[in-house]
Amino acid sequence: MNIKLAVFKFASCDGCQLQILNMEDEILQLTGKIEIAYFMEATSRKLEEPYDIALVEGSISTKWQEKHIEKIRANSKYLIAIGACATAGGIQALRNWSKNEDYSKKVYPKPEWIDTLAESKPISDYVNVDYEVRGCPVNKDQLLWILSQLIIGKEPFTPTHSLCIQCKIEGNTCIMVADGKPCLGPITMAGCGALCPKYNRGCYGCFGPMDASQAEKLAEHFINMGMSKREVTLMFKGFTSWSKPFRKVVSKYGGDED
Amino acid sequence: MLGKEYEFKIGIIKKIREETYNVSTFHIEVEGLNGEVKPGQFNILYLFGGGEVPISISEIGRRRLAHTVRFTGTITNMFRELTVNDKIGVRGPYGNHWPIEEHQNEDILIIGGGIGIAPLKPIIQYVKEKRSKYGKLIILYGARTPKDLIFKSEFEEFRKIRDSELHLTVDRGDEKWKGNIGVVTTLIPPLKLNIENTVAFVCGPEIMMYYTVKDLVKKGIPETKIYISLERRMRCGIGLCGHCQIGPYFVCKDGPVFPYWKIKEYFGVKWI
Amino acid sequence: MHTRGLPLKKLGLVIGDWRDLERLFKYLKDSGYRIIGPKVDGNVIKLKELKSLREFPKQISDHQAPGYYRLEEGDFFRNGDDSPKKYLFPPKMEIFKVNRDLSISFREIEKVKIAFFGIKSCDTASITIMDKVLGERGDSFYKHFRKELFIVTENCIKPGENCFCSSMGTGPRVQSGFDISFTRIDGKILFEAGSERGVKILEKLKLPHANAKLKKKFIEVLEKAAEKAKANFEKRFLAEKLELAIESPIWKELAEKCLGCGNCTMVCPTCFCFDIYDEVFLDEYSKRVRYWDSCFTYKHAEVAGGHFRPELWARYRQWLLHKFSYWKRQFDMLGCVGCGRCITWCPVGIDIRKAVEKVLKWVDENVR
Chain P
0 MNIKLAVFKF ASCDGCQLQI LNMEDEILQL TGKIEIAYFM EATSRKLEEP
50 YDIALVEGSI STKWQEKHIE KIRANSKYLI AIGACATAGG IQALRNWSKN
100 EDYSKKVYPK PEWIDTLAES KPISDYVNVD YEVRGCPVNK DQLLWILSQL
150 IIGKEPFTPT HSLCIQCKIE GNTCIMVADG KPCLGPITMA GCGALCPKYN
200 RGCYGCFGPM DASQAEKLAE HFINMGMSKR EVTLMFKGFT SWSKPFRKVV
250 SKYGGDED
Chain A
0 MLGKEYEFKI GIIKKIREET YNVSTFHIEV EGLNGEVKPG QFNILYLFGG
50 GEVPISISEI GRRRLAHTVR FTGTITNMFR ELTVNDKIGV RGPYGNHWPI
100 EEHQNEDILI IGGGIGIAPL KPIIQYVKEK RSKYGKLIIL YGARTPKDLI
150 FKSEFEEFRK IRDSELHLTV DRGDEKWKGN IGVVTTLIPP LKLNIENTVA
200 FVCGPEIMMY YTVKDLVKKG IPETKIYISL ERRMRCGIGL CGHCQIGPYF
250 VCKDGPVFPY WKIKEYFGVK WI
Chain S
0 MHTRGLPLKK LGLVIGDWRD LERLFKYLKD SGYRIIGPKV DGNVIKLKEL
50 KSLREFPKQI SDHQAPGYYR LEEGDFFRNG DDSPKKYLFP PKMEIFKVNR
100 DLSISFREIE KVKIAFFGIK SCDTASITIM DKVLGERGDS FYKHFRKELF
150 IVTENCIKPG ENCFCSSMGT GPRVQSGFDI SFTRIDGKIL FEAGSERGVK
200 ILEKLKLPHA NAKLKKKFIE VLEKAAEKAK ANFEKRFLAE KLELAIESPI
250 WKELAEKCLG CGNCTMVCPT CFCFDIYDEV FLDEYSKRVR YWDSCFTYKH
300 AEVAGGHFRP ELWARYRQWL LHKFSYWKRQ FDMLGCVGCG RCITWCPVGI
350 DIRKAVEKVL KWVDENVR
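Protein sequences, first through last, are from chains P, A and S. Terminal number for the first sequence in numbering that gives the first Met the number 0: 257, no gaps in between. Terminal number for the second sequence in numbering that gives the first Met the number 0: 271, no gaps in between. Terminal number for the third sequence in numbering that gives the first Met the number 0: 367, no gaps in between.
Derived from the structure by calculation, the hints contain no laboratory data. Honestly, I wouldn't trust all of these hints.
Said to hold, decoys possible - Keeping only pairs whose Cα atoms sit at most 20 Å apart, straight-line, the calculated SDA-like set for lysine to any residue is:
(1) Lys228(P) <-> Arg99(S)
(2) Lys3(P) <-> Tyr125(P)
(3) Lys8(A) <-> Arg99(S)
(4) Lys269(A) <-> Gly305(S)
(5) Lys129(A) <-> Lys146(A)
Note that this is a predicted model, so its numbers are computed, not measured.
Generate the whole structure from the sequences, applying the supplied hints.
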């Protein structure tokens, strides 16, 4: 029997859904094992609930979404949050540090039309999440692996160690040591394929904190390297800033300032 | 051949016995393993796509081996879906064994906690088969609640073994439970042991083994005659992958069974 | 195979120049070896395939300090961030493929003939360690890659700031486990053989013996290098002494800066932990893939329903005591060759030499 897969979107940019669409060849092989029951980005065809697997992209940002995610949870056997928005609140969680109106006034011509919650939060703050796939966007190989594991009836598993381990396995040179550039690799979860360091750019933590992440210690090290508090804050105040370990750093060094 | 050390044989599940709500015993028919299986050894079982998991052998038959599995991890949870005649990968047997042959003519004291009774069961089987070669057989077995006791259907058989005692205990009882309540160590002080001639085999959660050994030593059993079987994360089973180390020992190869004197300096060191 | 000790009597030090090193390179290449040696790759020297000895970074040096590595102009370089380990024990490698019916498709890997050319003495020692840890214990892939290995070692005339091979007894002059060594001295190259194979090849180069004056210079240079590559502790009884601190509170202090990122274990030329994942593709087949793992990861000692090393300080202790203490009881040797990579490539610059010193100091002050 085919697995009924649904893909939902909340506050997000659709980039993670795009990764699913990018699995072109694999998606063909998936048909026959998995049936797309709901995936607005790909097809307007809808199948009846309940669903076996719900992939949820995006953060909870409005009242309507609060209700909607509960309904999805109730109608899905297995709920997977995909991407930085769904697992950590996303870039839009930056507003969690300031007044909502400040942002909406700057962005929208008619801010009074905007009805949002004060904070953008991950799915797991609202409903029980069975598995989280990290990244901005998610890595499609990892996603395929997770779906494959579910097809054979296994709880998904992906490594939860530091990006550094993956970076070394890939044969990259440490840009912190060899270039003196700050990098969040040592405290960020692996899974992206060490893309940024491969191109000589510091990791900005889009996969969020690894297991037992020592974010505060790394922040302290950045300060010792000569970075200002503001620079350190900006390092951590990115796509996964609302994850607990990163949030702690932002609160410590940035507080309420921009 | 490259990767030969990880080659598994195909085993066929012949019988599944549900022990508790989260433990089942799988009787697997398999041929061509590394060698004769001895009490206390383990196999590494493989489920397609899921991966491998080390499982101790709870019954040794001529062609069939029983593996008692608790469904607590990503791979062991997949065992819930297995049915009779399903195929799984089996490699092993690995690790050392309870040195039961070296302790003939002695009284055998078996102490199991939770699923730790599983690797001890082959000793019971062995003593039963060679009954005249051993003295008294004393089995202490504790679990969290009556619902967590495994091998319940065999308790009567254990009791029927000539010159044997089976003492059960649970941490928390229920309405029906009339037996002892308390951790397994509470069963030790009242025991009448022939200290001079008793060997103890212990397996269970680390904390349980820690206190059990202390109480056994207090009772007068020498450290050289107390054996414990350790649990560690094991991935390869052949002393290569490094996960199962405790101090200088690879539990998968140097263990899992250790005479207490040998492991003493590391066992009980915090987070070793 | 490699002999223990040097057949110095047979050959001794012979003298040549850069062109003779090129001749040796060419000879090995023509004999079918894939030559792996140091080469500039971006802003680091890595071990890569060398097509010609011109790629050897003769005029380049490196500045290394804790958590710091920069290339600069100069005449002598040390280790980069990779080591022979990655060729003998690849960081990620498919072991075999399991088909849906549980049959196994084993891999066939072509015979490999690798010659390491210009690795340092510490790395040569690391191969001897891996021979015991992986080879003798039955890693079939290691044995496959190792089988035809040829080792040309460069004696280390200018150890770096983070080097402490001479304290670990692995350098700066290579003692065993090599086929041919060479030393750059005063624009000349001094060659020495370490195996019967090495002797035969050096004889083919027909080089003159070094005179007493050059031999003296050779000894002087390497003695000076040995002085430099020292830590403030002795190898003697190191394993036993460190273990006396097993229950010391010092580990918490030592791990204070540690991020648990595992870089030290990745760059270590002897760290051998690995994990095997099932990379299942739909329900069609599953690849069993071996990846380097690290005792610093949170999950390393975790089991379903329990955790044996949940705290980072305990994982730090495991690493350090494994390298310097447990290893000795496991393999009758130490697991550290003093290459200093874990110091250089630690993103926060934790210095294992200082950590060892601190543990020893704690033992001196607290164990009576």
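Going through the hints against the structure:
| no. | hint | in the structure |
| --- | --- | --- |
| 1 | Lys228(P) <-> Arg99(S) | 55 Å, violated |
| 2 | Lys3(P) <-> Tyr125(P) | 23 Å, violated |
| 3 | Lys8(A) <-> Arg99(S) | 14 Å, holds |
| 4 | Lys269(A) <-> Gly305(S) | 14 Å, holds |
| 5 | Lys129(A) <-> Lys146(A) | 32 Å, violated |
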